[in-house]
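First to last, the sequence lines map onto chains S and Z.
According to UniProt numbering, the first sequence is numbered sequentially starting from 1.
According to UniProt numbering, the second sequence is numbered sequentially starting from 1.
Heads up, some of the hints might be wrong.
[Claimed, not checked] Computed list of chain Z residues with no C-beta within reach of chain S, every gap over 10 Å:
#, residue
1, 57
2, 102
3, 130
4, 211
5, 235
6, 238
7, 350
8, 427
9, 439
10, 520
11, 533
12, 534
[To be verified] Which stretches of chain Z does chain S cover? Using the computed rule of at least three CB atoms under 8 Å from a CB of chain S, they are:
#, region
13, 140-147
14, 153-163
[Stated by the list, open to error] Below, a sample of chain S positions facing chain Z; criterion: calculated Cβ distance under 10 Å:
#, residue
15, 12
16, 31
17, 40
18, 52
19, 85
20, 86
21, 122
22, 133
23, 147
24, 151
25, 159
26, 175
Derived by calculation from the structure, the hints in this document are not laboratory data.
Using N, Cα and C, we set each Cβ at its ideal position, and we do this for glycine too.
For reference, the chains in residue letters:
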Amino acid sequence: MTLEAYADTIIPGEKRDPTDRAVAGAVSGGGAVASGAVELMLSPEGGLAGTLDSLAEGLNEHARDYGARLGLDLDPAVPPFVALAFTDRITLAQELLAPGHPEQELWVALAMFTTMAWDTGAHMSTTDALASGHPGLTTMGFMPPEPDGSWRFPRFSYGRALAATHPRTTPRGDPQ
Amino acid sequence: MTAHERTDVLVIGSGFGGAIPAYHLAAGGASVVVLERGPWLSADEFDHDFKFGSSSTRAFEFTMGEGMNVLGGNCVGGGSVVYFAAMPRAPRFVFERQGSLGRRMWPKSITREALDPWYDRVAQALPITQSTWDDVTYSGGVFAAACDHAGRTANPVAAAIDTDLCTNCNWMMSGCKFDAKRSLLLNYLPAAVDHGAQIRPLHEVQRIERSSEGAYLVHYTVVDPVDYRVQVDVGVIEAKIVVVAAGAAATPVILQRSEETLGAMPPAVGRYFSGNGERLNTAILNEDRVRDVLGLDRGDGLAYAANQIGRGPSAASWDRLDGSLPEFSRYSLEQLYFPPGFGTILAQAPDADGPSWFGPDKKEILRRWQSWLTIFIMSEDDNEGVFGPPPETGNADRISMQMLSRGNLRYEPTANTRHGWALADADIRDIMERDGLSRVLPWTNEVIGAYTVHPLASCRMGDDPETSALDDTNELRDHPGIFVTDGSAVPGALTVNPAFTIAAIAERAVPNIVRAAQARGVDVRYRGSLPPPARISRKAPVPLTGRDGQPVTVPSV
Ligand SMILES: Cc1cc2nc3c(=O)[nH]c(=O)nc-3n(C[C@H](O)[C@H](O)[C@H](O)COP(=O)(O)OP(=O)(O)OC[C@H]3O[C@@H](n4cnc5c(N)ncnc54)[C@H](O)[C@@H]3O)c2cc1C
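The whole structure should be built from the sequences, with the hints applied where relevant.
See below:
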């Protein structure tokens, strides 16, 4: 749940159902969570799986500390990071991801996996992801493959000269 | 002493720096073994798929350092398999560069004129073709039109791509499924195999040792074909000549690890690393302005919205490749495609309220991803990268099964480098924001530092032993018989894509390596032939052993 809330801070989305606590529902359309962020973090190939418990714990500790600093009353029914309002999640994430933060690298790695889940759906094959309406790829407008599962774009060029070439171009087309 | 295999020439790495000497030495009659840490994939194994375990992670390496992250190939063919195949020659002034040395950094024997005949050979072998405007993709076209609108010039970029076979799928970072990209899998490598060279994939070299007879013992581990963190075997091969060509992010690390058994390395090993002054900007285009201001129309109601269509860089602006300008102010700007997975995280949302590279504003610009245009800066950086102590194996500690590792490269851009970047950023803004065409921001370096797909100069050539690890024949100083022929030999940033120059220098090094081999009793000649073109890439002929000890033939995951 904590990791879902972190993923939702990086690429936010709409709540999966009205009771959803991890996803803050800050924006419309599916976000990183619906795109498979946690599946990707857990995938054995990713290599992060073994560190996820301690990352979630660390995140909650930072959230507890953040709450104490701001005098926030965090709902004990959910993990502290999940209990934060979306704007507070963003502020805390900005602190953790800032240059100079001693743990920056960890939180960047988690943000990288989150973004990758959104923009590639790397826990599943891309054709399946597109066929099943993967939120990230779909929202980005990633165009589908041809029926054989390969991409081909027969029209790809404006097909005309669009600028003068550099005067010092060699006859072979290289810079001089 | 334990039994080990013997060969005349051992080549470490199968990218441009490795494949070219491997071919010529095998063609000249030497026995050649190439050890490559990545898998051997052919066209039918190159996937259009982002899934972990497909060719996009098997063939690729992303090494995170401190302030610099390096992307490279990890497969037979090296960077040539995953690269975009843009192949311009380096401009004349590059060879006269001084950097902050205060004197010319290239060996005096190398100038553009001196290198041109070697460039010609590579151009014929791959082959590289001059592009026309018909070859320029929509994204290159938009960039060129924006340059023109701003009173600049723009050039179609020469490429090692057979455009008749190319489908403009933009999956070339996962390897080319259609064999349209003239990677080394279609020329030097198959020709080397035909002359008897053995290429062994999944063999990662760890260190080099001197034998009692003055030859070299090369120690390797064999890695599992799926989980590269797992080592399934070890071995040693004795060679009279060693060609180190593991790429500029790995070559110095192997040499550093070998110090204990080879003796001290020249001081420049693992220093002076250059990221080719590379930096990315993302323009988010206003489709209406593209139509109205630039007059562009795809013919189907769209002006652009074609980020996904194409094949890497197809147009570049060379206005600042002007030798009369001061050093650290010269650069080229090139349109580029970076696929999802690599291409989005560092892009920043212009005018963001909160964070610019994640959060709600980032999601908004992602909705317009098809209207993104990536502009790539290749400038004159200051060779400020330094490698720390080598990790236990390879050149980095592996994090994931494939693709992701953490290395010991430290890079803090100097004021010189930042000056060049600032000029180029401002130039891009002037071109791309003119008359409301787009909003553009550079990728943030604050998240993981700089990023390069063009690592160079970590073991460079030169005339001064203090600042160059190699002499002008590519031989490692104080270690006769060891040659370095990859990007690490190139003394500094090139202001253009480097593979053509790396390849030309490797071609130029071959007669020197042949002479050294002859001196060590190897029956080899320099024939000066070029590899015949192959139409299709071949499968690995070598059976491999997996984690369970069973033979495997590099399975598709
Ligand atoms: C996405 C991308 C796009 C690019 N586009 C272009 C472009 O359009 N134009 C251009 O000019 N350049 C481009 N490049 C850069 C180009 O690929 C490199 O400059 C070039 O491949 C470098 O050649 P090299 O011989 O130095 O090293 P590489 O080609 O990187 O070869 C080194 C090889 O050594 C292997 N290796 C590493 N360590 C070991 C070890 N310990 N034991 C055994 N093997 C080892 C690696 O797996 C690799 O195969 C691109 C690169 C990338 C990543």
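For each hint, the structure was consulted:
no.: 1; hint: 57; verdict: violated, 7 Å
no.: 2; hint: 102; verdict: holds, 26 Å
no.: 3; hint: 130; verdict: violated, 4 Å
no.: 4; hint: 211; verdict: holds, 37 Å
no.: 5; hint: 235; verdict: holds, 26 Å
no.: 6; hint: 238; verdict: holds, 35 Å
no.: 7; hint: 350; verdict: holds, 18 Å
no.: 8; hint: 427; verdict: holds, 15 Å
no.: 9; hint: 439; verdict: holds, 18 Å
no.: 10; hint: 520; verdict: holds, 37 Å
no.: 11; hint: 533; verdict: holds, 19 Å
no.: 12; hint: 534; verdict: holds, 22 Å
no.: 13; hint: 140-147; verdict: holds (count 4)
no.: 14; hint: 153-163; verdict: holds (count 5)
no.: 15; hint: 12; verdict: holds, 6 Å
no.: 16; hint: 31; verdict: holds, 7 Å
no.: 17; hint: 40; verdict: holds, 8 Å
no.: 18; hint: 52; verdict: violated, 13 Å
no.: 19; hint: 85; verdict: violated, 13 Å
no.: 20; hint: 86; verdict: holds, 9 Å
no.: 21; hint: 122; verdict: holds, 5 Å
no.: 22; hint: 133; verdict: violated, 15 Å
no.: 23; hint: 147; verdict: violated, 13 Å
no.: 24; hint: 151; verdict: holds, 4 Å
no.: 25; hint: 159; verdict: holds, 5 Å
no.: 26; hint: 175; verdict: holds, 4 Å
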